[in-house]
Amino acid sequence: MKGLIGLFLILISQISFAVEQAETIFKQLAPSLYQIRLIDKASGEKSSIGSGFQISSDGLIATNYHVISSFARHPEKYRIEYLDNKGNKAPLTLKSIDVINDLALVKRDVDQAMPFFEISQIIPTKGEELYSLGNPHDLGMIVVPGTYNGLKKESFNDRIHFTGSVNSGMSGGPVVNKNTEVVGVNVATSGNQIGFLVPHDKLLTLFAQYQQEELLTIDEQMENQLQANQKKLVDTLINSDWQLKNLGEGLIPTIDVPFIRCWGESNADKEDALIMLAVANCSLDENTYIAGNFFTGSLEMEYRFMQAKKLSDTKFYQLFQRQIARVMPGNKAGKDDVSEFECQHDIIMPEHQNINNKAVLCTRAYKDFADLYDVLYLGVSIDRHDQALLSHFTFAGVSQDSAQAFTKKFMESVSWK
Amino acid sequence: MEIIIEEISRGQKLLGRHKFNKDSINIGRGYHSDIILADPHVCAEHLSIAFDGENWRVVDLNSINGCFLGEGKKPANGHIIHSGDVITIGKSQIRIVFPHHPVVDSITLSPFENLINLTKQPAVLTINVLIFALLTGWMFFLNNPKEVNFTQLFVPAVGLTLMFAIWPAAISLISHLTKHDARIFTQLGICFVFYNLSWLIDFIEALVNFNTSSQSPLTGLLVILPITLAFCLFWLNCHIGFHMSKVRRVVVAICLTTLLFGGTFLIQLSKKPDFSVRPQFNSTLLTPNFMFAPSNNVDEFIENSNKLFQRVQDNKNKD
Chain A
713 MKGLIGLFLI LISQISFAVE QAETIFKQLA PSLYQIRLID KASGEKSSIG SGFQISSDGL
773 IATNYHVISS FARHPEKYRI EYLDNKGNKA PLTLKSIDVI NDLALVKRDV DQAMPFFEIS
833 QIIPTKGEEL YSLGNPHDLG MIVVPGTYNG LKKESFNDRI HFTGSVNSGM SGGPVVNKNT
893 EVVGVNVATS GNQIGFLVPH DKLLTLFAQY QQEELLTIDE QMENQLQANQ KKLVDTLINS
953 DWQLKNLGEG LIPTIDVPFI RCWGESNADK EDALIMLAVA NCSLDENTYI AGNFFTGSLE
1013 MEYRFMQAKK LSDTKFYQLF QRQIARVMPG NKAGKDDVSE FECQHDIIMP EHQNINNKAV
1073 LCTRAYKDFA DLYDVLYLGV SIDRHDQALL SHFTFAGVSQ DSAQAFTKKF MESVSWK
Chain B
-2 MEIIIEEISR GQKLLGRHKF NKDSINIGRG YHSDIILADP HVCAEHLSIA FDGENWRVVD
58 LNSINGCFLG EGKKPANGHI IHSGDVITIG KSQIRIVFPH HPVVDSITLS PFENLINLTK
118 QPAVLTINVL IFALLTGWMF FLNNPKEVNF TQLFVPAVGL TLMFAIWPAA ISLISHLTKH
178 DARIFTQLGI CFVFYNLSWL IDFIEALVNF NTSSQSPLTG LLVILPITLA FCLFWLNCHI
238 GFHMSKVRRV VVAICLTTLL FGGTFLIQLS KKPDFSVRPQ FNSTLLTPNF MFAPSNNVDE
298 FIENSNKLFQ RVQDNKNKD
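Chains as they are written, first to last, in the numbering used here: chain A, 713 to 1129; chain B, -2 to 316.
If you are wondering where the hints come from, they were derived from the structure by calculation, not from laboratory data.
Here the structure is a predicted model, which means the values were calculated and not measured.
Don't take every hint at face value.
With a straight-line cut-off of 27 Å between C-alpha atoms, the simulated BS3-like cross-links for lysine-lysine are [claimed, not checked]: (1) B:K304 - A:K1079; (2) A:K944 - B:K304; (3) B:K143 - A:K1027; (4) A:K1121 - A:K944; (5) B:K268 - A:K1047; (6) A:K943 - A:K1079; (7) B:K143 - A:K1044; (8) A:K944 - A:K1021; (9) A:K1121 - B:K304; (10) B:K143 - A:K1021; (11) A:K943 - B:K304; (12) A:K1121 - A:K1044; (13) A:K1044 - A:K1021; (14) A:K1079 - B:K143; (15) A:K1047 - A:K943.
Reference listing, derived: stretches of chain A covered by chain B, where coverage requires no fewer than 3 residues with Cβ under 8 Å from a Cβ of chain B [what the hints assert, rightly or not]: (16) 974 to 984; (17) 1019 to 1027; (18) 1041 to 1055; (19) 1063 to 1073; (20) 1101 to 1107.
Cβ atoms here follow ideal geometry from the backbone N, Cα and C, with glycine treated the same way.
Kindly generate the complete structure, drawing on both the sequences and the hints.
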């Protein structure tokens, strides 16, 4: 019992210590912390809010790209302004973005050198206490303590797994260590106590680029970043190990990389089903946010093995036909972002001659970015009477070369056992 | 002296024909008239037509509404009648012809008239309707992802068959109303033959779509098949149901075909959303038995996709 009380006392003292420390940190850093608000010009009201923090004495402020994305896409419709800890408001200009890592640099006018956040040069250690700052739900600036839990393994672009509450509105706020150096930027949350941060090195790179290079327009930066990222992703995927796995009588490829995860489902428990169905689904759980209704960078692969149980071939294929007519792209995009899909189809037998497919390839182009497409492929086996293997993928935001290379590899990897 | 008087409708359709062998004919609403007209605008003793040994003349019997030549306003009283003259009495019309009035050439029976008549034979008609109902039921069966019992198929099959019988029935009704021969069984027979032919065309389309790639020009040509079929059906409907000139029949058939396909097209166009997220592609699948086309290889498919990307690029630039 004594031991228990002792433990309890230690806990209390640690919590109060953390709170104390959080308070000091907050007081020190408050002047360099901002609420970033997007004002709709026509209505004069704010349309979205986020947090931001100053990273240079001359007024450069870092925030999330998604906080200011509406302005980046439609600069004529919005203006950006900041609200500092004293309640002052003033306009900001957008300088540079990193759409892949969800970062943006905006700049305020300053009369004299101002205090700013130092960006850390070292990576935190696992379990290290960190403090997330921001303005959740427009409730005023707060500080949230939490711990560093390393990089998220299942992510293609690095994200820090932060155990602490990152709420909406805190996006773009800094996460600092005890020395008040920035080690990450709040970006997303995945429910209770699971937050994700953009690692500080991404911010360092963006900052360095901003200081050195002659800046391109925001659209050009976005296009270059999307191009580079898709190339990196597709190259990684194509050069990774494509493991063949059994799905019913079929062999399907799964790509052996941590950021692609697979799930499975079947109707084996349904006695009265006319068709035995097994589904495997592999996807890249990552989206690049371009605007509220425009996402890219996602990859989904789906395989279905079907076996007719109590029905004729004719009905089997008829039902199958109805099923495949319903495919949809994996990413959200609207009329202003992409063209409509165009498709081609043919009867294709890969080199190994083990399967004969009806293959359909559809693609649509991004209107604002050159040589970026959403592609959708559908392969349906047509060489067995009572069995069918469906292989399908949707890949968002890839170049023509990447799309073709990936499609080729995918088509050649699917076969019967 | 013989004379023929035809009661005709405003649409020049024959309502009744009377042949007389005397020199004076009385026309009016009175029951003592030689030709009794029911039109309330006609007087009891309206006019008489009399032969004076040389000519037939119209004599107006002081009627209230008078009688006029043709559609015009020229009074017919005292008019010397020529064969084929039309006289308006009240709101009715009569046509007067002499026995030697020329008639139009007889229409030759078309060679497929026998074929048309074959379709109305009870056995042939029953078989055709049965085939249609069975195919309809089968389609319902094929498209139903669950297990279905007989009643679940029977009701839609019979319902749809009855619905498709409305068209020939409607034409027969119009024929009947326009004083033509209704010929309902012939219309039914022909329609169901064509409905079954359209099932056949559907199958041919599926077969071609299944066996060809999107590069093939054949798929575009397939559109002509159902249009031709519809035109032939409408042409035959007119042929069976109405006496009309060849040109008129073709025009009516073209109009109906345009109405059917143009209307369908317009409806689709009006329902088409401003921007479609879904890809549209040919999803036709048949069983492996119907696959006759040789397969291409992956490289060719990827090679062809260059054109696809080009097309998408062109569309983007157009917007």
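Could you tell me which of the hints above the structure violates, numbers in ascending order? 7, 8, 13, 14, 16 and 20
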